[in-house]
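Q: Chain by chain, the residues:
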Amino acid sequence: MRKDFLFGLIGGSMFAIGLVFSGMTKPNLIIDFLDVMGKWNPQLAFVLGGAVATTLLLFPLVLRQKKPLVGEKFILPSKTNIDARLGWGAAIFGLGWGVAGYCPAPALANLLWLDGATCLFLVGLVVGSLTVKNR
Amino acid sequence: MMDNWIVASGGGVLIGLAAVWLLWSLGRMAGVSGILNGILDAGKHAEKWRIGFVLGLVGVGFLFSYLTHNQPILPSDKPWWQWLLAGLLVGIGSRLANGCTSGHGVCGLGRRAKRSLFAVLIFMSVAILTVWIGRHV
Numbered sequence: 000m001r002k003d004f005l006f007g008l009i010g011g012s013m014f015a016i017g018l019v020f021s022g023m024t025k026p027n028l029i030i031d032f033l034d035v036m037g038k039w040n041p042q043l044a045f046v047l048g049g050a051v052a053t054t055l056l057l058f059p060l061v062l063r064q065k066k067p068l069v070g071e072k073f074i075l076p077s078k079t080n081i082d083a084r085l086g087w088g089a090a091i092f093g094l095g096w097g098v099a100g101y102c103p104a105p106a107l108a109n110l111l112w113l114d115g116a117t118c119l120f121l122v123g124l125v126v127g128s129l130t131v132k133n134r
Numbered sequence: 000m001m002d003n004w005i006v007a008s009g010g011g012v013l014i015g016l017a018a019v020w021l022l023w024s025l026g027r028m029a030g031v032s033g034i035l036n037g038i039l040d041a042g043k044h045a046e047k048w049r050i051g052f053v054l055g056l057v058g059v060g061f062l063f064s065y066l067t068h069n070q071p072i073l074p075s076d077k078p079w080w081q082w083l084l085a086g087l088l089v090g091i092g093s094r095l096a097n098g099c100t101s102g103h104g105v106c107g108l109g110r111r112a113k114r115s116l117f118a119v120l121i122f123m124s125v126a127i128l129t130v131w132i133g134r135h136v
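If you read the sequences in order, they're chains G and L.
Start counting the first sequence at 0; every next residue gets the next number (numbering that gives the first Met the number 0).
Start counting the second sequence at 0; every next residue gets the next number (numbering that gives the first Met the number 0).
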């Protein structure tokens, strides 16, 4: 097995266990979390908090290395400007997230339960992603 | 309730560690929409690490939730077209914004990117507003 495939597989597996463990794969919980003016369930703030605390602490240590284990260099997003495309994109994303309680990772992690709602969401996700070009 | 918070934080740390692992081993960002788009755009020629990541996410996502009796719980009161519409919006929005909850939230905030802070504030606000309108108006 190629190393980069294996490393990706390990990363995706850890990510999946974290999502299931933290309750992110339950759209009901996500909607309760977003319902700050109703029956707010703050549990998921701890998920994002735990994840961001970890990356804030460890990303700088990793980036102090000259290069990753596999590959010539770290490949980081090059864009730094805040523009209308970013703002509208985030707003459209937030609208979809609020309607279903699903963002891409949890929906993929739930795929093999073959629930109709999850499959419909993923079909929409793929079609939506393919209708817009990278820039 | 306190237990839930500890479990949630632990799960969050694990998600963060997955992102740290991907950066350390492959030099890549664990942004799930970006990883998926790379596969959708390249098809058969997609980079192998992306395929590995999605296979791990999908396969272990099922296995772990099955073994720990954590099956997905979805709102049952939504008509079918809302799931399709939500997927479309999330797909279009994350492509326009170059990232979703993981790319901008977990990774972008972790490297203190201003674009990501901006994106997270907007999508959180809009999502909260959307739920408020759906539930309370």
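Be aware that one or more of the hints could be misleading.
Short derived list, chain L residues pointing at chain G, Cβ under 7 Å [to be verified]:
| hint | residue |
| --- | --- |
| 1 | SER8 |
| 2 | ALA45 |
| 3 | LEU56 |
| 4 | LEU95 |
| 5 | CYS99 |
| 6 | ARG114 |
| 7 | VAL130 |
No lab work stands behind these hints: they were computed from the structure.
No experiment lies behind these values; they were computed from the predicted model shown.
Cβ atoms here follow ideal geometry from the backbone N, Cα and C, with glycine treated the same way.
Q: Holds or violated: LEU56 (chain L) as interface residue toward chain G, Cβ cutoff 7 Å?
A: Holds. Min distance 4 Å.
Q: Per the CB criterion, is CYS99 (chain L) less than 7 Å away from chain G?
A: Result: holds, 5 Å to nearest chain G Cβ.
Q: Under 7 Å is the threshold here; is the Cβ of VAL130 (chain L) close enough to any Cβ of chain G for the hint to stand?
A: holds, 4 Å
Q: Just to be careful: measuring from the Cβ of LEU95 (chain L) to every Cβ in chain G, is the smallest value less than 7 Å?
A: holds, 3 Å
Q: Would the stated hint for SER8 (chain L) survive a check requiring a Cβ distance to chain G of less than 7 Å?
A: Status holds, d = 4 Å.
Q: Does the nearest C-beta of chain G fall within a distance shorter than 7 Å of the C-beta of ALA45 (chain L)?
A: Violated: closest Cβ of chain G sits about 11 Å from ALA45 (chain L), beyond 7 Å.
Q: Under 7 Å is the threshold here; is the Cβ of ARG114 (chain L) close enough to any Cβ of chain G for the hint to stand?
A: holds, 6 Å
Against the hints set out earlier in the document, a violation occurs for number 2 only.
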